[in-house]
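Asks: Sequence:
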Amino acid sequence: MSTPVSVVDNPRALAGEAYPDAMKRLLSHERGEDAFNCISRWPGYAPTPTVQLANLAHAVGIAEITYKDEGGRFGLGSFKALGGALAVEAMYARIRADADVRTSGTPIFASATDGNHGRAVAWGAQRVGCRCVIYLHAGVSPERERAIAALGAEIRRVDGNYDDSVRQAQDDSARNGWIVISDTSYGDYRAIPCQIMQGYTVLARELLDCGVRPTHVFVQGGVGGLAAAMAAHFWEEFGPKRPRLVVVEPENAACLARSAAAGRPVVVKGALDTIMAGLACGEVSEVAWEILDAAADHFVTLPDQAAIEGMRLLALNDPVVVAGESATAGLAACLIASGAADLRKRLGLSNESRVLCIGTEGATDPHSYERLVRRRTA
Numbered sequence: 001m002s003t004p005v006s007v008v009d010n011p012r013a014l015a016g017e018a019y020p021d022a023m024k025r026l027l028s029h030e031r032g033e034d035a036f037n038c039i040s041r042w043p044g045y046a047p048t049p050t051v052q053l054a055n056l057a058h059a060v061g062i063a064e065i066t067y068k069d070e071g072g073r074f075g076l077g078s079f080k081a082l083g084g085a086l087a088v089e090a091m092y093a094r095i096r097a098d099a100d101v102r103t104s105g106t107p108i109f110a111s112a113t114d115g116n117h118g119r120a121v122a123w124g125a126q127r128v129g130c131r132c133v134i135y136l137h138a139g140v141s142p143e144r145e146r147a148i149a150a151l152g153a154e155i156r157r158v159d160g161n162y163d164d165s166v167r168q169a170q171d172d173s174a175r176n177g178w179i180v181i182s183d184t185s186y187g188d189y190r191a192i193p194c195q196i197m198q199g200y201t202v203l204a205r206e207l208l209d210c211g212v213r214p215t216h217v218f219v220q221g222g223v224g225g226l227a228a229a230m231a232a233h234f235w236e237e238f239g240p241k242r243p244r245l246v247v248v249e250p251e252n253a254a255c256l257a258r259s260a261a262a263g264r265p266v267v268v269k270g271a272l273d274t275i276m277a278g279l280a281c282g283e284v285s286e287v288a289w290e291i292l293d294a295a296a297d298h299f300v301t302l303p304d305q306a307a308i309e310g311m312r313l314l315a316l317n318d319p320v321v322v323a324g325e326s327a328t329a330g331l332a333a334c335l336i337a338s339g340a341a342d343l344r345k346r347l348g349l350s351n352e353s354r355v356l357c358i359g360t361e362g363a364t365d366p367h368s369y370e371r372l373v374r375r376r377t378a
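Position 192, counted from 1, in the sequence shown is what full-length UniProt numbering calls 192; the numbers after and before it change by one each time, with no gaps.
If you are wondering where the hints come from, they were derived from the structure by calculation, not from laboratory data.
Just so you know, these numbers come straight off a predicted model, no measurement behind them.
Hints are not guaranteed to be accurate.
[Claimed, not checked] Cβ pair distances, simulated, as ranges: (1) 350 to 238: 16 to 26 Å; (2) 305 to 174: 33 to 43 Å; (3) 108 to 150: 10 to 20 Å.
[Claimed, not checked] In the SDA-like style, the derived pairs of lysine to any residue whose C-alpha atoms are separated by at most 20 Å in a straight line are: (4) 24 to 294; (5) 24 to 139; (6) 241 to 346; (7) 345 to 244; (8) 345 to 37; (9) 345 to 209; (10) 345 to 362; (11) 345 to 212; (12) 345 to 139; (13) 269 to 138; (14) 24 to 315; (15) 241 to 15; (16) 24 to 5; (17) 24 to 237; (18) 241 to 23; (19) 269 to 58; (20) 269 to 304; (21) 241 to 190; (22) 241 to 352; (23) 241 to 13; (24) 345 to 58; (25) 269 to 370; (26) 241 to 269; (27) 345 to 11; (28) 24 to 238; (29) 24 to 239; (30) 241 to 211; (31) 241 to 139; (32) 241 to 138; (33) 345 to 18; (34) 24 to 14; (35) 241 to 5; (36) 345 to 138; (37) 24 to 211; (38) 241 to 208; (39) 345 to 59; (40) 241 to 17.
Heads up, the beta-carbon is just placed ideally off N, CA and C, and yes, glycines get one too.
Hey, can you work out the whole structure from these sequences and the hints?
Replies: Following this line, the structure appears as structure tokens:
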């Protein structure tokens, strides 16, 4: 794979240091244990597969590529179930425990989504018997809309991009007294995004429990929540010997890379056109950025074609893995960097590297998957 990519090195990354106490107030092993104890009791819980991509690792001259396949998580198709549904359950329990709030009626939950987070929130609301309103921007496919609606959510379409749908969900919820379950933080809205990220650390715990010890983690960006969760959990686990973290984004929606280059959160405006629907975000989550600004070593941006090639490689590899458009950016970046001498050196890759890639979703839009992958691999 030789698709051109861009790399931003983070001069503020803290290498060789212990996990800061200030960050433990955001994400910690202690609260991660609480999240795991909750999620592991849900019907259908099981650790998702950890797949060794030995053929690909050999082809690019690194020791190991481990791919965490989140496509089967709770039957929802992505890792997002670990966050959105956990936050809904926790908020519902808090409301039920408060007599004053309890008498005001059944809560209504709301969220904006590119697809997977809204599906997780809708599932969480369905589990606790509450109404749910999900905001979708113009770029969300009808297939993903139907999957969310099938869980009982009311769908509201919003003109514009993902960030426009976030603002509409905020405004309507403030007017109607609904509870926003957002995976991105802004202003004083921090507790729920932190809880969502803490849920994501269950994924990292599963990896550690099965013996994965990476030297590098390549993870998709989006608003930064998953990347921050992986960074925090592995940093607290390994301390000064934490793995190198590489955050990967679509070139047309690279809010994290641009923020890293500027040294502060930067908004990417416009349509954010990319097939990587789950990563089409123009504004960073503020609380995630607080972690990534110190924990992410590199930010990589790549074109859509790289993600498509990653999907096709996994469809042909031994074993075969079904991966959606937003699942393979990290893997694609790893393969591209490993095959280019300058990037290989820059990212510290060698024949001893043990790379972890997070396959964040399966084929959450089956029609799109067939169009992009099956017709080219048949």
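Asks: Now tell me, hint by hint, if it's right for this structure.
Replies: Tested hints:
1. 350 to 238: 16 to 26 Å: Check passed, 18 Å falls within 16 to 26 Å.
2. 305 to 174: 33 to 43 Å: Since residue 305 and residue 174 have Cβ atoms about 41 Å apart, the given range 33 to 43 Å holds.
3. 108 to 150: 10 to 20 Å: Since residue 108 and residue 150 have Cβ atoms about 19 Å apart, the given range 10 to 20 Å holds.
4. 24 to 294: This hinted pair holds, its Cα atoms lying about 13 Å apart.
5. 24 to 139: Not OK: residue 24 and residue 139 at ~36 Å, beyond 20 Å, violated.
6. 241 to 346: It holds: about 18 Å lies between the C-alpha atoms, which stays within 20 Å.
7. 345 to 244: Holds: residue 345 and residue 244 sit about 13 Å apart, inside 20 Å.
8. 345 to 37: With a Cα-Cα distance of about 41 Å, the restraint between residue 345 and residue 37 is violated, given a limit of 20 Å.
9. 345 to 209: Outside the cut-off at roughly 30 Å; violated.
10. 345 to 362: Measuring from Cα to Cα gives roughly 31 Å; hence the hint is violated.
11. 345 to 212: Violated - the C-alpha atoms of residue 212 and residue 345 are around 23 Å apart, more than 20 Å.
12. 345 to 139: Roughly 37 Å separates the two Cα atoms, so the pair is violated.
13. 269 to 138: holds (15 Å)
14. 24 to 315: violated (39 Å)
15. 241 to 15: holds (8 Å)
16. 24 to 5: violated (33 Å)
17. 24 to 237: Judged against 20 Å, a Cα distance of about 12 Å means the pair holds.
18. 241 to 23: Holds, at about 17 Å.
19. 269 to 58: Since the Cα atoms of residue 269 and residue 58 sit roughly 40 Å apart, the hinted pair is violated (cutoff 20 Å).
20. 269 to 304: holds (18 Å)
21. 241 to 190: violated (29 Å)
22. 241 to 352: holds (15 Å)
23. 241 to 13: Roughly 13 Å separates the two Cα atoms, so the pair holds.
24. 345 to 58: With Cα atoms ~18 Å apart, residue 345 and residue 58 stay inside 20 Å; holds.
25. 269 to 370: Not OK: residue 269 and residue 370 at ~30 Å, beyond 20 Å, violated.
26. 241 to 269: violated (37 Å)
27. 345 to 11: holds (16 Å)
28. 24 to 238: Roughly 14 Å separates the two Cα atoms, so the pair holds.
29. 24 to 239: Within the cut-off at roughly 13 Å; holds.
30. 241 to 211: The given pair, whose Cα atoms are some 16 Å apart, holds under the 20 Å limit.
31. 241 to 139: violated (41 Å)
32. 241 to 138: violated (43 Å)
33. 345 to 18: Distance ~25 Å between residue 345 and residue 18 Cα, so the pair is violated.
34. 24 to 14: Holds, at about 15 Å.
35. 241 to 5: violated (27 Å)
36. 345 to 138: violated (40 Å)
37. 24 to 211: The given pair, whose Cα atoms are some 24 Å apart, is violated under the 20 Å limit.
38. 241 to 208: It holds: about 15 Å lies between the C-alpha atoms, which stays within 20 Å.
39. 345 to 59: The hint holds at about 17 Å.
40. 241 to 17: holds (8 Å)
Hints 5, 8, 9, 10, 11, 12, 14, 16, 19, 21, 25, 26, 31, 32, 33, 35, 36 and 37 from the list above are not met by this structure, while the remaining hints are.
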